[in-house]
Amino acid sequence: MAVETTDDRVRNTSFVFWSSSKYRTKFYEVLVLGLLFASLYWIINNVVTNLNRLGIRTGFGFLKQEAGFDIGQTLVTYNEASSYGSAVLVALLNTVLMSLLAIVFATIIGFVVGVSRLSSNWLLSRAATAYVEIFRNMPLLLQIFFWYFAVLRALPVPRQSIAFFDTIYINNRGIYAPSPVFEPGFGIVIAALVMALGVAIALRRWARVRQSRTGQPFPVLVTSLIIIIGLLLVSAAVAGFPLSWQVPALKGFNYTGGFSVIPELVAMVVALSIYHASFVAEIVRGGVLSVRRGQVEAARAMGLRPGQIMREVIVPQALRVIIPPLSNQYLNLAKSSALAAAIAYPDLMHVLGGAVLAQTGQPIEVMTIVMGTYLAISLLIALFMNWYNRRSSLVER
Amino acid sequence: MAFVASRPEPTLPAPVAAAGVLGWLRQNLFSSPINTLVTIIVLYAIYRIVDPLISWAFINAVWTGTSADACPDGHGACWAFVRARFRQIVYGDYPLDQLWRINVLYAIFAGGLVALMYPRTPGRKWVGLFMLTGFPVVAFLLLVGGVFGLRFVGTNNWGGLMLTLVVAVTAIVGSIPLGLILALGRRSEMKAIRSVSTAFIELWRGVPLIAVLFMASALFPLFTPEGVNFDKLVRTLLAFAIFSSAFMAEVFRGGLQAIPRGQYEAAKSLGIGYWKMMGYVILPQAIRHVIPALVNTCIGIFKETTLVLVIGLTDLLGVIQLGLSDTDWIGGGHIYASGYLFAGLAFWAFTFGMSRYSIHLERHSVSGKNQALQTL
Amino acid sequence: MNEAQGAAMIEIRDVHKWFGDFHVLKNINLTVAKGERIVICGPSGSGKSTLIRCINRLEAHQQGNIIVDGIELTDNLKQIDAIRSEVGMVFQDFNLFPHLTVLENLVLAPHLVRRMPRAEAEEIAMNYLGRVRIPDQANKYPGQLSGGQQQRVAIARSLCMSPKIMLFDEVTSALDPEMVKEVLDVMIGLADEGMTMLVVTHEMGFARTVANRVIFMDLGQIIEENEPRAFFEAPQHERTRNFLEQILSH
Ligand SMILES: Nc1ncnc2c1ncn2[C@@H]1O[C@H](COP(=O)(O)OP(=O)(O)O)[C@@H](O)[C@H]1O
Ligand SMILES: [Mg+2]
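Top to bottom, those sequences are chains A, B and C.
So that you can map any letter, position 237 of the first sequence is 237 in our numbering, and since no number is skipped, the others follow by simple counting.
Numbers given in our numbering equal positions in the second sequence, counted from 1, plus 397.
Numbers given in our numbering equal positions in the third sequence, counted from 1, plus 773.
What the hints contain is simulated information worked out from the structure, not anything from laboratory work.
Backbone N, C-alpha and C define an ideal beta-carbon position, used for all residues, glycine too.
Warning: the hint list may mix true and false statements.
Computed beta-carbon distance windows for the label pairs [said to hold, decoys possible]:
hint	chain 1	residue 1	chain 2	residue 2	range
1	A	Ser327	B	Ser429	32 to 38 angstroms
2	A	Leu203	B	Gly417	51 to 57 angstroms
3	B	Ser429	A	Gly372	22 to 28 angstroms
4	A	Arg293	B	Arg685	24 to 30 angstroms
5	C	Ser946	B	Arg685	29 to 35 angstroms
6	A	Glu66	B	Asp470	40 to 46 angstroms
In silico DSS-like pairs for lysine-lysine, Cα to Cα no more than 25 angstroms straight-line [claimed, not checked]:
hint	chain 1	residue 1	chain 2	residue 2
7	B	Lys665	B	Lys522
8	C	Lys954	C	Lys851
9	C	Lys913	C	Lys954
10	B	Lys522	A	Lys26
11	B	Lys629	B	Lys522
12	C	Lys937	C	Lys807
13	B	Lys673	A	Lys26
14	B	Lys665	A	Lys26
15	C	Lys807	C	Lys851
16	A	Lys335	B	Lys588
17	B	Lys522	B	Lys588
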């Protein structure tokens, strides 16, 4: 610190590596910055000239105007009369929905496969290895196409839907399942559920305190499940089972009523989950392998049970290694979800790069919104990672 | 109470239950009731997957035919489609009488790779240098033509495996030097350069490639003065290389960080300048360190070349996709599945090969390290 | 060390063990009485670690019997658990849990295995930390301690389970010379209290002063066994002599 401030001689001698003086450093710095600004200026100048020449409007004013197109999947109210702004929101929500679903499934599959790879069962670990090597080595886009064009779009037409128990129908337009209809009195059931959850949480806390005080463990999970299910059943019976199901029915060319999922979403979630699960599996495997053998041996020598060793020794240590690359993988997943545009799932990339761009003719603004949104998502995940790393890094000497 | 062994105990073979095939089976497949159950379940699952797959892909497959009619629903795979499209898959729409140009390139490429992988090739360094510098020039001249009496072939005729390799090789070869510069910039002692490099890297790492490619195709023309127009493929290659360089930069940064401070300090204390220190001391160590990550990034780039089809270029997957939408081949999902499976196998062969080679390199360098220790 | 001294704590009879096809332990016979302190030495790879790891079933033997405090080691998980909570083990590379503080390391097993109230476990833990002379480090993480301190914590961690037998596997080998003594002092203290101990070590000074018996192993076999004075002054077997020459020569 002190070296930086005043004495030039001191600074020069401690600065052998950039041959001689600090002016040389400054010179390079100014040169690079100058070049950078010059090229930026050149590009911006070109853009402005081109926009004027082509008579392209500028500004984000279009966001308030009526969009005039429909979107195939909307999580919030949206119709043709809604604004471009709402279209962006709908598209963003579609991206978020797809990514979150895929993250959940990729995590589950990835953990199962990753742990299977470490299994002492030769066949299971080989099967898990095969899974990883097959799916992570094939392009994601190809896998998306496979699930969409070769599997889902090849399903029968609605009239010949595949039916499960005459309640769930699958055809080339999507998946149709019964949706719940809440009748009056359902509030009681909800109240019971909330109460049961509250009891379960309290029970957990109590059990912890008790174990800490007496050393006696308590079967919290089983008891909680019994309480929750029991309370639900009792309250539902009291209220006269106030829930019915609206079953989808074939009307005209397709099923209506009930709950439906478009095939594009299914294809994206399946492809993203399976592809990224292969990376998650490797991350999980690496995390578990990073826990040194001796840790488990020490725990075994102390008489801890396999479950306790898992919970108290392996998981806490493995998680520290797993979570940073895992969140990075989630980030990759969210970014790769933009491939949805290739099968016309109405995500951010497809809606903005397609209809919005075509109608407004303002590529700069549209791409700014797309890039900005993905950058914001990346930034959020990066912030989380930094926070986690700071919190969880092992204390070393 | 004192005891002295009167004879060396004989080395006995392990009891049957612990050794040989039986011991192996017992230990690895049937060590406990749960393990046995798992073995049975996995065996059953494999049977349920592999058996139908074999009958679909081989026994019931259709191998010949000129349209989807040859591959009725309910049969197996439609390899007839792949055969009918095979030329496009390998060469794109390159003129028929000029295919030899691509064949020559394939031959040089394959020969070069084999020569590079085999550690005892004479003049391996020179081969490597040629593959990095001379080969791209030769490839460019041969593919584009218009000189030495070669007919000009526009990039709109390029496609298939050839285009995939062009995109992959350009992106990889272009992004390595760029990434290295960015990585050095990010670790520079000059604050402005450090910030600019960091911002540049994080910007590209934070956005999806498909958006970048989209930008290259829709936005790039706005960036250049009127009348200056780049070929769509050139724009794509540029975008690809820049995008990938951000990831390469992070790979190199990892390698640079892994070099202990002492190495820098030793070099500095010998009075070696910055560039010489980097070139002779730091980078040679760092690069050996990053080979696995480097190959992983290359694999990623190779898989992502498929994205060019989104902006209308027909790479290997694009050719398949185009063929599938041909009216002659409109048919059931099994035709799609056949096309994708074939393309998938082709990609897989490359990426799996790369990852195996990287593992081999790692093992190799590890054993080298051990030897170094042993000679100490 | 004869029958009169009391029941055998450990009885190893005709034990053989293989790793795959590799015969690691060959016809091992050893009886350890309560309160006995046995030092095992021998060249690296001779099977010392494997032998003591068989005693708490970190490794399974394939032939012969091992009986610890009257319980025979078989596949029976209950018996294995019972034996492990009575046998403490200390490793060459400490194996403290890096994500837990020193105190948490010590409390873990008594609380979860012995079902001891946390407060009581902590009291015992602090007591043992005092005995290994680092009570002020209780709330630090293992990574913040020196090697010698870590190894003493590891010993205290085993003692918290009130074991009847302690196994030590080259516990000073990974330590800097100036830290060896502080760990050996703790072990000598334990010996003075009458703990049954099996110690794999090359610290011959320790063997001379503390051990009741010294065992020399080579190639998976017990070559020689004697009381320390005789063992060091008049080794009978040629391989023992060679080995002792090598380690005492510097
Ligand atoms: N888990 C294992 N699998 C296979 N071989 C092993 C295993 N553990 C130890 N060995 C081998 O058994 C022999 C004895 O090892 P060990 O008991 O650790 O020797 P020591 O502690 O006397 O140095 C060595 O040759 C070692 O390589
Ligand atoms: Mg050992």
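Hint check for B/Gly417 and A/Leu203 - Cβ pair distance inside 51 to 57 angstroms:
53 angstroms Cβ-Cβ, so the 51 to 57 angstroms window holds.
Take the C-alpha atoms of B/Lys665 and B/Lys522, compute the straight-line distance between them, and say whether it is at most 25 angstroms.
Roughly 29 angstroms separates the two Cα atoms, so the pair is violated.
Would you mind confirming whether the straight-line C-alpha gap from C/Lys807 to C/Lys851 stays at or under 25 angstroms?
Distance ~23 angstroms between C/Lys807 and C/Lys851 Cα, so the pair holds.
Given the hinted pair B/Lys522 and B/Lys588, is their alpha-carbon gap at most 25 angstroms?
violated, 37 angstroms
Holds or violated: C/Lys937 with C/Lys807, Cα cutoff 25 angstroms?
holds, 9 angstroms
Straight-line Cα separation of B/Lys629 and B/Lys522 no greater than 25 angstroms?
Given that 25 angstroms is the threshold and the Cα spacing comes to 34 angstroms, the pair is violated.
Hinted pair, alpha-carbon criterion (25 angstroms max): B/Lys665, A/Lys26. Please report holds or violated.
Distance ~20 angstroms between B/Lys665 and A/Lys26 Cα, so the pair holds.
Starting from B/Lys522, check that the Cα of A/Lys26 is at most 25 angstroms away, please.
Answer violated: B/Lys522 to A/Lys26 is near 37 angstroms, above 25 angstroms.
Range hint 29 to 35 angstroms (beta carbons of C/Ser946 and B/Arg685) holds or violated:
About 32 angstroms separates the Cβ atoms of C/Ser946 and B/Arg685, which means 29 to 35 angstroms holds.
Could you say whether the range 40 to 46 angstroms given as a hint is met by the Cβ separation of A/Glu66 and B/Asp470?
holds, 45 angstroms
Hint check: B/Lys673 vs A/Lys26, CA-CA at most 25 angstroms. Holds or violated?
It holds: about 20 angstroms lies between the C-alpha atoms, which stays within 25 angstroms.
For a C-alpha distance cap of 25 angstroms, please report whether C/Lys954 and C/Lys851 respect it.
violated, 38 angstroms
Checked against the numbered hints listed earlier, the structure breaks hints 3, 7, 8, 10, 11, 16, 17; every other hint is satisfied.
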